[in-house]
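There are 2 protein chains.
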Amino acid sequence: MLSKSRVKYIQSLGQKKFRETEAVFIAEGPKLMKELLEEKSADVKEIYALKEWIDDNLHIVGNTSVTEISEADLEKISHLTTPNKVLAILNQFDNGKLPSAKGKVTLVLENLQDPGNLGTIIRIADWFGVVQIVCSTDTVDVYNPKVVQSTMGSIARVKVFYTGLPEWLTSQKGTSVFTATLKGKDVTTVSKISEGIVIIGNESKGISAELLNLADVKITIPQIGKAESLNAAVAAGIILSHLLT
Amino acid sequence: MLSKSRVKYIQSLGQKKFRETEAVFIAEGPKLMKELLEEKSADVKEIYALKEWIDDNLHIVGNTSVTEISEADLEKISHLTTPNKVLAILNQFDNGKLPSAKGKVTLVLENLQDPGNLGTIIRIADWFGVVQIVCSTDTVDVYNPKVVQSTMGSIARVKVFYTGLPEWLTSQKGTSVFTATLKGKDVTTVSKISEGIVIIGNESKGISAELLNLADVKITIPQIGKAESLNAAVAAGIILSHLLT
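Protein sequences, first through last, are from chains A and B. Using our numbering, the first residue of the first sequence is number 4, and each one after it goes up by one. Using our numbering, the first residue of the second sequence is number 4, and each one after it goes up by one.
So here's chain A without its partners, still in its complex pose (with noise of 0.2 Å):
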């Protein structure tokens, strides 16, 4: 039995606010929950789980304090549409100061306004091995519910950072800063790079003319049919494809 006092913290962390006030975030469903488990980085604090699923899951648990509870209370405290036997709150991440862009391949984010993008982006890089995004302030939360469902435990293994792009796409001269734009260079005769900067824009509004100008390369997925643009995580990934495979 839950407490309601607890029921209006968990349900309250679905706020960025309250998430940054108390640095943390949740997480739900046995597959993430695994996946976030068996990640040294990832701290779990506490776990609030279905008998089921404790009984599953006892031996990966480690120390972790866990609280059984009815499907009722799950139902309560979960921000999904269809609750999952296990919900947890975790320490956010501590990634230290803004990365430098040296040495490795950084994916760039402007203004990212859906959670389901962002966190399918932390899963694209994730999968081809990009270990930090710098995201403009106004890109959606990290630790919104929905971008840590979408990251699918990937969000334990890419630093995600938010901060002026401007201000650090200038502090980071001397590596190409690759943008997706319209009209640019056909992607897929673009060499491979092992060092830059990727930069990928809002969904309807693109990248902006001050971004822009910062670009050493601009390139464009060739389009053959007649639809108006793709997906920012979908271009994300083909861009991601052809610069590093």
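Take the hints with a grain of salt, since some may be wrong.
Note that the list lumps identical chains together, so a pair holds whenever it fits in one copy or between two copies.
[Stated by the list, open to error] Below, a list of computed lysine to aspartate or glutamate pairs in the EDC-like style, where the Cα atoms sit at most 20 Å apart:
id : residue 1 : residue 2
1  : 43        : 219
2  : 149       : 206
3  : 162       : 231
4  : 149       : 117
5  : 107       : 141
6  : 229       : 58
7  : 229       : 189
8  : 34        : 206
9  : 37        : 59
10 : 34        : 117
11 : 11        : 231
12 : 20        : 71
13 : 149       : 231
14 : 7         : 76
15 : 37        : 231
16 : 34        : 71
17 : 48        : 97
18 : 149       : 23
19 : 43        : 231
Since the hints were derived computationally from the structure, they do not count as laboratory data. Fair warning: this is a prediction, and the values are worked out from it, not measured in the lab.
Using the hints provided, position chain B relative to the given structure of chain A.
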């Protein structure tokens, strides 16, 4: 003012069985509406819109019946989290009989469940000039409002069929069948194609053993990092980008 029975009718179109009986579907929002009104293949039957949308768009609606409604009415009939000025009822597309794979690139979807994924894949197909998609009968309905919204208008340019996949694939002998799997030929090394069938599997289970057996070429997106898999739509985008451009 909308009658109660009209509100009920439009709400019912959120369910597949009512859409099928009526052979119609719903689309919403100014951007999608503009795309669909401009597309000859889309047959817009009725439009329900706020005064401001009607004032701005009267020149593009042609002979379509337009009903001015209040924000309160729109909220009742909308399937969006944030209703957006206009909702239309369209006739379902008449795609005729099952297509031949000869001379074309055909996308095949097995048991895709997420509406956003299907919509995004239709948009990707449209970007890369793929004009037909054949889905297993247990794939999410193309006229699901969330699918329609995420196609961004591409639903009017890509033909989507539903059928038993083993039978259809067996009837297409002579056309190479490519499947995305976790262990196959590196997609970046596969030659460009102008004819072929590309299978994308279920979000969590991948491709069934039965379909895998019918594949001529198994392809894989090289993995550098640690993510267990890629989102189905992202995988489709990357594969089509390498096979077609």
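The hints, checked one at a time:
1. 43 / 219: Neither way: residue 43 and residue 219 sit 37 Å apart in one copy and 41 Å across, limit 20 Å.
2. 149 / 206: So residue 149 and residue 206 pass the 20 Å test inside a copy (17 Å) and across (17 Å) alike.
3. 162 / 231: Intra 32 Å, inter 17 Å, cutoff 20 Å: inter-copy only.
4. 149 / 117: This pair counts as both: shortest intra-copy Cα distance 9 Å, inter-copy 15 Å.
5. 107 / 141: neither (24 Å within a copy, 43 Å between copies)
6. 229 / 58: Neither: 52 Å inside a copy, 28 Å across copies.
7. 229 / 189: within (17 Å within a copy, 28 Å between copies)
8. 34 / 206: The answer is between: 13 Å across copies meets 20 Å, while 29 Å in one copy does not.
9. 37 / 59: within (11 Å within a copy, 52 Å between copies)
10. 34 / 117: between (22 Å within a copy, 17 Å between copies)
11. 11 / 231: Classified as neither: same-chain Cα gap 44 Å, cross-chain 34 Å, threshold 20 Å.
12. 20 / 71: Cα proximity of residue 20 and residue 71: none, with 28 Å in one copy and 40 Å across.
13. 149 / 231: Classified as between; 19 Å across copies, 26 Å inside a copy.
14. 7 / 76: within (10 Å within a copy, 37 Å between copies)
15. 37 / 231: between (39 Å within a copy, 13 Å between copies)
16. 34 / 71: For residue 34 and residue 71, only the intra-copy Cα distance (18 Å) is at most 20 Å; the inter-copy one is 47 Å.
17. 48 / 97: within (15 Å within a copy, 54 Å between copies)
18. 149 / 23: within (16 Å within a copy, 32 Å between copies)
19. 43 / 231: between (42 Å within a copy, 17 Å between copies)
Against the hints set out earlier in the document, violations occur for numbers 1, 5, 6, 11, 12.
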